[in-house]
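**Student:** Take a look at the letters that make up each chain.
There are 2 protein chains.
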Amino acid sequence: MSCEKLFFEEMKKRGYRITPQREMVLAIMHKLEEPSTVEDIFSHVQDISKSVDISTVYRTLELLQEFNLVSEIDTGDRQAKFVLVHDHSPHLHLVCKSCGKISGIHLQNIKSFSGELENQLDFQIDWQDVTFHGLCSTCKQK
Amino acid sequence: MSCEKLFFEEMKKRGYRITPQREMVLAIMHKLEEPSTVEDIFSHVQDISKSVDISTVYRTLELLQEFNLVSEIDTGDRQAKFVLVHDHSPHLHLVCKSCGKISGIHLQNIKSFSGELENQLDFQIDWQDVTFHGLCSTCKQK
DNA sequence: CTAACTGCAAATGGTTTGCAGGTTG
DNA sequence: CAACCTGCAAACCATTTGCAGTTAG
Numbered sequence: 001m002s003c004e005k006l007f008f009e010e011m012k013k014r015g016y017r018i019t020p021q022r023e024m025v026l027a028i029m030h031k032l033e034e035p036s037t038v039e040d041i042f043s044h045v046q047d048i049s050k051s052v053d054i055s056t057v058y059r060t061l062e063l064l065q066e067f068n069l070v071s072e073i074d075t076g077d078r079q080a081k082f083v084l085v086h087d088h089s090p091h092l093h094l095v096c097k098s099c100g101k102i103s104g105i106h107l108q109n110i111k112s113f114s115g116e117l118e119n120q121l122d123f124q125i126d127w128q129d130v131t132f133h134g135l136c137s138t139c140k141q142k
Numbered sequence: 001m002s003c004e005k006l007f008f009e010e011m012k013k014r015g016y017r018i019t020p021q022r023e024m025v026l027a028i029m030h031k032l033e034e035p036s037t038v039e040d041i042f043s044h045v046q047d048i049s050k051s052v053d054i055s056t057v058y059r060t061l062e063l064l065q066e067f068n069l070v071s072e073i074d075t076g077d078r079q080a081k082f083v084l085v086h087d088h089s090p091h092l093h094l095v096c097k098s099c100g101k102i103s104g105i106h107l108q109n110i111k112s113f114s115g116e117l118e119n120q121l122d123f124q125i126d127w128q129d130v131t132f133h134g135l136c137s138t139c140k141q142k
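Protein sequence lines, in the order shown, are assigned to chains F and A. Residue 1 is where the first sequence starts when you use my numbering, and the numbers rise one by one after that. Residue 1 is where the second sequence starts when you use my numbering, and the numbers rise one by one after that.
Everything labelled a hint here was simulated from the structure, so no lab data went into it. Keep in mind it's a predicted model, so treat the numbers as computed, not measured. Hints are supplied without guarantee of correctness; some may be wrong.
Pairs involving identical chains hold if they fit within one copy or between any two copies, as the list cannot separate such chains.
As the list claims (entries may be wrong) - Derived DSBU-like pairs: lysine-lysine, alpha-carbon spacing no greater than 30 Å straight-line: (1) LYS142 <-> LYS31; (2) LYS13 <-> LYS140; (3) LYS111 <-> LYS101; (4) LYS12 <-> LYS111; (5) LYS140 <-> LYS5; (6) LYS13 <-> LYS97; (7) LYS97 <-> LYS12; (8) LYS31 <-> LYS5; (9) LYS142 <-> LYS13.
All chains should be built: construct the whole structure from the sequences, respecting the hints.
**Tutor:** Structure follows, in structure tokens:
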């Protein structure tokens with residue numbers, strides 16, 4: 001299902017309203033290829049309309065997270081980053097502490113490990129909330 | 001090696017000084033069985049001495065983290081929590097979103113999974129920084 | 001002695017919130 | 001037209017920082 005369709009359906013289902021600001025943020029999230037800070041997203045919003053407030057961006061991102069359209073990444077810095085979840089299914093993220101690169105991993109790719117790990121720990125993990133910090137393949141060779 | 005010995009050695013090695021405030025915080029971390037907020041730790045400090053400032057507690061906790069004596073847990077709330085690492089070896093933490101229980105897991109216990117996962121992801125994970133959020137064994141049955 | 005540490009007070013800064021007015025459905 | 005949403009401005013608040021005085025080694 002396309003992002004927009006999913007978006008409209010979820011909005012309707014929950015009695016939320018479609019507004020220009022919300023559509024704008026969703027559209028911008030599509031354009032941004034890298035996980036971005038709220039400031040980044042906000043500045044793109046301002047390129048389109050100066051009157052939109054950053055608090056609306058925060059509120060919209062929260063909404064999009066509810067629908068699994070966007071996920072939040074704990075970068076270890078003060079500011080979080082946000083990315084579109086292209087296939088609308090949960091991801092986990094890898095943040096390289098050396099080069100800063102962020103990768104999204106589809107949970108399907110680690111399904112066997114994640115299941116085993118959950119059994120071993122006897123704990124059901126919210127994988128979409130997971131961000132691993134460490135070294136990416138390039139940086140760990142150095 | 002005992003905490004105190006490790007502490008003194010690391011301090012000496014780096015040219016840091018032993019102060020009553022630092023010893024006090026380390027001693028309190030031994031007493032606290034549960035991961036605790038800085039406010040909690042600070043109030044225990046104040047039971048001993050009213051003159052110690054919370055900024056010193058923050059600074060000391062940072063120090064203890066350098067030595068792997070204490071680890072920081074992202075509770076998902078605004079405030080972080082801190083616990084003594086009893087065996088001075090890296091842990092990861094599990095935070096139950098239902099009952100709030102926090103468990104520490106020795107990395108040795110998940111060594112086989114962690115290795116496989118790192119291979120699969122082609123990413124070297126800083127496991128001591130990992131906090132999984134989800135449901136503990138008790139809560140997931142409900 | 002002197003570099004390191006502390007207490008104090010103030011700043012930080014990303015995020016949240018209250019509210020009056022504007023919009024969506 | 002009623003509930004929902006937005007912009008604005010102010011509050012939040014855990015954590016950090018600058019600095020002058022204190023202390024460990």
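**Student:** State for each hint whether it applies.
**Tutor:** Do the hints match the structure? See the list:
no., hint, verdict
1, LYS142 <-> LYS31, "neither (33 Å within a copy, 41 Å between copies)"
2, LYS13 <-> LYS140, "between (46 Å within a copy, 27 Å between copies)"
3, LYS111 <-> LYS101, "both (23 Å within a copy, 25 Å between copies)"
4, LYS12 <-> LYS111, "neither (32 Å within a copy, 46 Å between copies)"
5, LYS140 <-> LYS5, "neither (41 Å within a copy, 32 Å between copies)"
6, LYS13 <-> LYS97, "between (40 Å within a copy, 26 Å between copies)"
7, LYS97 <-> LYS12, "between (41 Å within a copy, 28 Å between copies)"
8, LYS31 <-> LYS5, "within (17 Å within a copy, 55 Å between copies)"
9, LYS142 <-> LYS13, "between (51 Å within a copy, 27 Å between copies)"
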